Amino acid sequence: MRDRLRSIIATELEVPPDSVPADASAETFQPWDSLGHMRIIIAIEEQLDVRFATAEIAGLTSIDKLVAALASRDPT
Amino acid sequence: MTATRVAILCSFNLDLMTRPFAKATVATGIDAKLYLGPYGQWEAELVDPSSKLYEHAPATTILFLDSEDLNPSLAEPPTTLADADARGVASWQRVARALAIFFARATGSLLCHTMVAPPNNGLGILEGNAGYSHTAEIDAFNRELRAFAAREPRLNVFDYDALVREHGWARWHDSRLWHLGRMRLANAALTFLAQRYARYLAALYTPRRKCLVLDLDNTLWGGVIGEDGLGGIELGHSGIGLAYREFQMAILALHQRGVILAIASKNNRDDALAAIKAHPDMILRPEHFAALEIHWQDKAQSIVRISERLNIGLDSLVFWDDNPVERGIVRDQIPDVLVPDVPSDPSEYVRCLVDLPCFDTLTLTAEDQRRGQMYREQAERDSFLGETVQGVNGSELDAYYASLEMVVDISAANDVSIPRIAQLTQRTNQFNLTTRRYSEADVRALSRDHAWRVYTLSLRDRFGDLGLVGAAMVHTQPDAWELDTFLMSCRALGRRVEEAFAAFLVRAAMTDGKPLQGVFVPTKKTAPIQEMLERHGWLREEIPGGEHQLRVKIAPLDIPSWLRVRLPEES
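Taken in order, these protein sequences are the chains called L and U.
Just so we're aligned, residue 1 is where the first sequence starts under the working numbering, counting upward by one.
Just so we're aligned, residue 1 is where the second sequence starts under the working numbering, counting upward by one.
If you are wondering where the hints come from, they were derived from the structure by calculation, not from laboratory data.
Please note that a few of the clues may not be correct.
[To be verified] If you want the ones that stay clear, here's a sample from chain L, every Cβ over 10 Å from chain U, calculated: (1) M1; (2) R2; (3) D3; (4) R4; (5) A10; (6) D18; (7) A22; (8) A26; (9) F29; (10) S34; (11) I42; (12) D49; (13) T54; (14) A58; (15) T61; (16) S72.
[To be verified] Across the chosen pairs, the derived CB separations fall in these ranges: (17) L:R2 with U:P38: 29 to 37 Å; (18) L:A58 with U:E166: 44 to 52 Å; (19) U:E166 with L:P21: 39 to 47 Å; (20) L:S19 with U:T107: 39 to 47 Å; (21) U:D409 with L:E14: 52 to 60 Å; (22) U:R182 with L:K65: 21 to 29 Å; (23) L:R51 with U:V47: 34 to 42 Å; (24) L:R2 with U:L362: 48 to 56 Å; (25) L:E56 with U:G168: 21 to 29 Å; (26) U:T18 with L:T28: 20 to 28 Å; (27) U:T107 with L:A58: 42 to 50 Å; (28) L:K65 with U:P38: 27 to 35 Å; (29) L:T28 with U:V47: 54 to 62 Å; (30) U:V47 with L:R2: 46 to 54 Å.
For clarity, every value in this text was computed on a predicted model and none was experimentally measured.
Glycine included, each C-beta is placed from N, C-alpha and C at the ideal position.
Just chain L, same shape as in the assembly (with noise of 0.2 Å):
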């Protein structure tokens, strides 16, 4: 999941996939600015066909909360 997170973040923020660090945040990675977020959050929303919530959404700032918050919604 993490490996599939990098590469939807890379092609969103249009950088190299090996670029984005395994744990990268929107603190720590400087291509990852608010409209970059906007675009990583429907990226993966239309990918994996999950959907956050209005007040998640803002939260969801790093690839460790994007995991846990997927996961939290997979059963499986």
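With chain L held as given, fit chain U onto it using these hints.
For chain U alone, coordinates are given in the frame of chain L:
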């Protein structure tokens, strides 16, 4: 790829539009350099002469105002219908004041969204029943916008309302993005909107296709006329017959917009013609078709003959046939012809036809609306020529020309003719010196430029009015008149009217003490103009650089004696 510059001004955050816009425009063959204004600042961008908008110098500016941004009063219901109307008019007037500055300051055109009344406003089902209405307010705004567009040729209306209705309001919006980032549109909506923008831009820059070639059996009616007979084919007011009838209505609407119709069908000609003439539920009748190829020969050859008969290029044709095998053969043998993937269910024909962007145009000229009639007049001329000229010698041909009683009108470009001039530059391929394509805004700018002269040629004869059929654009330079554009519509060729045009231009240049010269840019279609340039000995040396462009110098010549020519008053 057509290169152009586009700006989008939006009343909310549309930053997510950049990528879908780039993708959609490239897919349409447009290389658009986009400037996206800071959200909410549309008015400042239009009003401030030093704004980034004017710095970007867009050929097309898109103005996207959301009804809820422009009318915060939606939170506060109007008190009466008249009040709602007045509020809509006031909103429009605010926009119109900014647009007046834009049209004075900029040279490009503007594409203005219609507004959509939000269905979930505070009134609920009281909306429209309370004696006042939000929708009425939006309607008034859109009405004023359309009225303004009818007067201002540089304003085109972007029918956003229709686009949102097509996809549905609920699917179109994502309130989460609005609350978090002042972005109103859902991701899918951004893609659809970008594609529609691209379609409008393509209509400005891409020549539209001129002729729809139709099959008959299982295309204009259900069944096979040769087997089922006049009473057996499906065409009427119910079931699948209704689908075919509605398809014919959609085709007729295209025809009324200036698309020429032709038939390529494998059938017994008499059976097919009997159905077209006599079936009570046919919408399309013989007079709607400019060419009929109904026989058992190959359809690709039929299509080539239609193109020759109508004197239009194969890349101006669209071929519609329910049979995938016929479509495949035509695609394979004449790749220039556009062959849409026709749906297998005739109920979907209309939707597929109206979704084809190849017939798109943002302006309808008088010539478009009369085109069908003009092709019928041409058929009368052809048969007249057939009777009059059998084994002619030169003087008999002159007598024929004289018998056509042609009147040529040469004028300086004006507001009425500018859209048609732009259209001719986009559509004319054969008798065209440089094949340079211009938008309406381009032509308007050049016609106002003192260093340029823009002329038109109109033609009529005893059979009817052929309308505006020629255009010339001259860049006057210190030592010469440079012929930037010189073209004639193919339907006016073969009667030496182009000689009158050249004679006028060279005389006007001489009056100014300058020679008339230019560059011939040959393409695979420009044989007709090349023939004229060669016959008069106007072609000069090739221009170095390997593109086979030739210098042209136009020598004085006489206006053919049988033409009555009216010249512009000013020169």
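How the hints compare with the structure:
1. No Cβ of chain U approaches the Cβ of M1 of chain L within 10 Å, the least distance being about 22 Å, so the stated non-interface status holds.
2. Every beta carbon of chain U lies more than 10 Å from that of R2 of chain L, the smallest distance being close to 24 Å; the non-interface claim holds.
3. Every CB of chain U is more than 10 Å from the CB of D3 of chain L (nearest about 23 Å), matching its label as outside the interface.
4. Listed as outside the interface, R4 of chain L is consistent with that label: its C-beta sits roughly 19 Å from the nearest C-beta of chain U, beyond the 10 Å cut-off.
5. The beta carbon of A10 of chain L sits about 15 Å from the closest Cβ of chain U, which is more than 10 Å, so the claim that it is off the interface holds.
6. Non-interface call for D18 of chain L relative to chain U: holds, since the shortest CB-CB distance, roughly 22 Å, exceeds 10 Å.
7. Interface exclusion of A22 of chain L from chain U stands, the closest Cβ pair being 26 Å apart, more than 10 Å.
8. With a cut of 10 Å on Cβ distances, A26 of chain L stays outside the contact zone with chain U, its closest approach being about 14 Å.
9. The claim that F29 of chain L lies off the interface holds: its Cβ sits roughly 19 Å from the closest Cβ of chain U, which is beyond the 10 Å cut-off.
10. Annotated as non-interface, S34 of chain L brings its C-beta within 10 Å of a C-beta of chain U; the closest such distance is 7 Å.
11. For I42 of chain L, the requirement that its beta carbon stay farther than 10 Å from each beta carbon of chain U is not met, with the minimum near 5 Å.
12. No beta-carbon of chain U is positioned within 10 Å of the beta-carbon of D49 of chain L; the least distance is around 13 Å.
13. Not every CB of chain U is more than 10 Å from the CB of T54 of chain L (nearest about 4 Å), against its label as outside the interface.
14. With a least CB separation of 6 Å from chain U, A58 of chain L falls inside the 10 Å interface cut-off, contrary to its annotation.
15. Chain U leaves T61 of chain L outside its interface by the beta-carbon criterion, the shortest separation being 12 Å against a cut-off of 10 Å.
16. Distance to chain U confirms S72 of chain L as a non-interface residue, since its nearest Cβ pair spans about 19 Å, more than 10 Å.
17. Take R2 of chain L and P38 of chain U: their Cβ atoms lie about 36 Å apart, and the range 29 to 37 Å holds.
18. In this structure, A58 of chain L and E166 of chain U break the distance hint of 44 to 52 Å, their C-beta atoms being roughly 32 Å apart.
19. In this structure, E166 of chain U and P21 of chain L meet the distance hint of 39 to 47 Å, their C-beta atoms being roughly 43 Å apart.
20. Against the hinted window of 39 to 47 Å, the Cβ-Cβ separation of S19 of chain L and T107 of chain U comes to about 43 Å, which satisfies the hint.
21. Between D409 of chain U and E14 of chain L the beta carbons are some 56 Å apart, a value that agrees with the proposed interval 52 to 60 Å.
22. Checking the proposed 21 to 29 Å range against R182 of chain U and K65 of chain L shows it holds: the Cβ atoms sit about 23 Å from each other.
23. The supplied range of 34 to 42 Å is met by R51 of chain L and V47 of chain U, whose beta-carbon atoms lie about 41 Å from each other.
24. Between R2 of chain L and L362 of chain U the CB atoms are about 49 Å apart, so this pair conforms to the stated range of 48 to 56 Å.
25. A hinted range of 21 to 29 Å for the beta carbons of E56 of chain L and G168 of chain U is consistent with their spacing of about 26 Å.
26. Separation of T18 of chain U from T28 of chain L is about 25 Å and conforms to the stated range, judged on CB atoms against 20 to 28 Å.
27. A C-beta distance of roughly 43 Å is found between T107 of chain U and A58 of chain L, which places it inside the suggested range of 42 to 50 Å.
28. For K65 of chain L paired with P38 of chain U, a C-beta distance near 30 Å keeps the hint of 27 to 35 Å intact.
29. Roughly 42 Å separates the CB atoms of T28 of chain L and V47 of chain U, a value that falls outside the hinted 54 to 62 Å.
30. The given range of 46 to 54 Å is respected by V47 of chain U and R2 of chain L, whose C-beta atoms sit roughly 50 Å from each other.
Consistency with the previously given hints fails for numbers 10, 11, 13, 14, 18 and 29, ordered from lowest to highest.
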